[in-house]
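Go by the hints and put chain B onto chain A.
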Amino acid sequence: MLNAAGEPQNIVVLGGSSDIGVAIARRLTAPSTTSIVLACRRPQDAPIDGLRRPGLIVDAVPFDAVRVDQHAAFVDSLATSLGDIDVVVLAFGQLGEQSHFDDDPVAAADLVAVNFAGAVSVLLAVARVMRRQGHGRIVVLSSVAGERVRPANMVYGSTKAGLDGFAQALGDSLVSSGVSVLVVRPGFVHSAMTQGMEAAPFATTPDAVADATAKALRAGRRIVWVPGVLRYVFMVLRHLPAPLWRRLPLG
Amino acid sequence: MSPDYASEVLRGWGRSTMSSAHVATVSDRDLIDHVKVADERGVLVRGLGRSYGDAAQNGGGRVLRLASSSSDVRLDESAGTVTAGAGVSLDDLLRVIVPRGFFVPVTPGTRFVTVGGAVAADIHGKNHHLEGSFGNHVRRFSLVLADGSVLECSRKQNPDAFWTTIGGMGLTGVIRDATFGLIGIETSRCRVDTVRCDDFDELIEHMSTGDDDVRYSVAWVDLLSSGSHFGRGVLWRGDHARRDDLPVADRANALEYRPRQVLSVPPVIPGSGVVNALSSAVFNEAWFRKEPRRREGSIKSIPAYFHPLDAVGSWNRLHGRHGFVQYQFVVPFGRESELRRIVEVIVASRLATPLVVLKRFGAGNDAPLSFPMPGWTLTVDLPAGADTLASLTRTLDEIVLEAGGRHYLAKDALLGPAALRAGYPRLAEWQNVRRRLDPQQTFRSDLARRLGLLE
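For the protein sequence lines, the chains are A and B, in the order given.
First residue of the first sequence? That's 706 in the numbering used here, and the numbers climb one at a time after it.
First residue of the second sequence? That's 187 in the numbering used here, and the numbers climb one at a time after it.
Don't take every hint at face value.
To be verified - Chain B regions said to be covered by chain A (calculated; three or more residues, Cβ under 8 Å):
id : stretch
1  : 201-208
2  : 239-252
3  : 501-511
To be verified - Cβ-Cβ distance ranges computed for the label pairs, FRET-style:
id : chain 1 : residue 1 : chain 2 : residue 2 : range
4  : A       : Lys920    : B       : Asp387    : 39 to 49 Å
5  : A       : Arg936    : B       : Asp573    : 13 to 23 Å
6  : A       : Ala857    : B       : Leu504    : 43 to 53 Å
7  : A       : Gly925    : B       : Pro625    : 30 to 40 Å
8  : A       : Pro856    : B       : Val223    : 55 to 65 Å
Calculated from the structure, these hints are not laboratory results.
Glycine included, every Cβ here is placed at the ideal spot set by N, Cα and C.
Chain A extracted, bound-state conformation (with noise of 0.2 Å):
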């Protein structure tokens, strides 16, 4: 159970070895946090040591976004080990090469088994779970990139509008059943994930995302953009003629 300040007990990170992922369960972790749950592809890379202190258990267990015919079962035995599940976030995601894509779909189509379809099993699976219990936080990390997906990086730009389109609905549609979603928007990151890429304007930290996201948990907010100025930014993105749009140097 959440307590009044919105501390939880536990966390289960989705995308375990995910930077901001991390960052953010390390922010959201109180005095009364007993069980961190780092579920990613290799736990042996996953940062537990990063996270651990006395009277927190900081587990690092498999989880395969792909593997979509285990993930039920999966959040089943999350349910089992944990009792109540306070807060997942979900943070897996590949960046992906665009060039290459265009030359090779078939791991476009992976790309987007991860973060999409991937993604999308996964939090009907959290959501089940949390319906059944009458509680529970899901904080899905969205991106900017899919606010106006751009040429640059249409396939995982469109993973993102989809998966925050998704994420949205879902909150929507869990009103009323005592479990919320907050879909956060970061612009650019410096994480390992863009290790070695030119950063775009209003470039952000995992730990910038992860204070913003656990403001917006306690003031309930459904989107958080980080930093907040994106927010308008994209309200002028989004509306520019096409032509104009696609001269922008946006990277």
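Just chain B now, kept in the frame of chain A:
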């Protein structure tokens, strides 16, 4: 889920905790059938939802409201006792018994609590220092157990179940009806003496010396003042007025009782609420100034003296969207320096705290989870939206527990399992009896999940 149940988001009175449950209102006749249904999220009875935290929530499970009517009240005037259905509110009860010359043995600051809730939370009132908590006055009750059997409980009959259920937060079974002693009254008014104290030490001194001569005693502390006015307060002491205390014109209708709600808070309040540092400071200054330095024998009605906030419907919405936490603890006598330190920490936090109540408790009772113990209890409203809330209350928790004190479960929304265990050393004893009464964990609540009560 049977068609009797509807999904509903339930919150505590502080509006800072929530979960969704399957809710049904059930009659006494159908109660046993509803209890016997076994499902994995369990069942809980909810009264009028006045617990401030998650005590009357059962996320994903079933929550029963007990249908009640004033015909569920059976007054035995010669014995001075009443037997009432668990779903009967003190409000209903007072409307029946006051005109006939009786008052409830214990009333909290609101009359909108049920008899079942009064037993389950072992509520206390302004007379605790002399007359103890609600459980002290309960003669017997019947308890519907998880298997559908009905257990008659009193000090002689099933005393384990009796004391485990008192203060047991609804986790032992469903209280069906209860019989308890009443206070005989000559009038429906109270005679109240007021003393204004200019600082904390004066207040403590006043309360320590004079409380044992008066039935009702409670003080309001202004936590927004610092410096030489630190901890200033107003002490109200009173008792039920006798016929002779009333003006001659009022004596004919000495037992007239007409509680009224004078206004109600609209359902929509600006996001952050209207209780903030400025409004609280203004309110506190006005309230402090309106009291004379000393006034004796003023006559007040029962609602005005005992239940002033009930005059404003849904006053809990004033704290806005994030709601609030009512932090209440007790520290033993002899720990006045810790009490003072706690007040200092709250003052330094600068969180809006318009309503701070200080009271001296008398002896506790035999219930392992009963809150009161001899000492000082302080109650303060804190905004749940404040970023510093959790760190503030953790600091306070440490001082409280270090001093050998504890927290009131009917108010709590923030504690963890460790703090609960530190404050309630008889928890294991309570758990053993509870396990015997309900081995399948049929009765559950969000509070129990948060604090690990059923483990």
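Tell me, in ascending order, the numbers of any earlier hints that this structure violates. none
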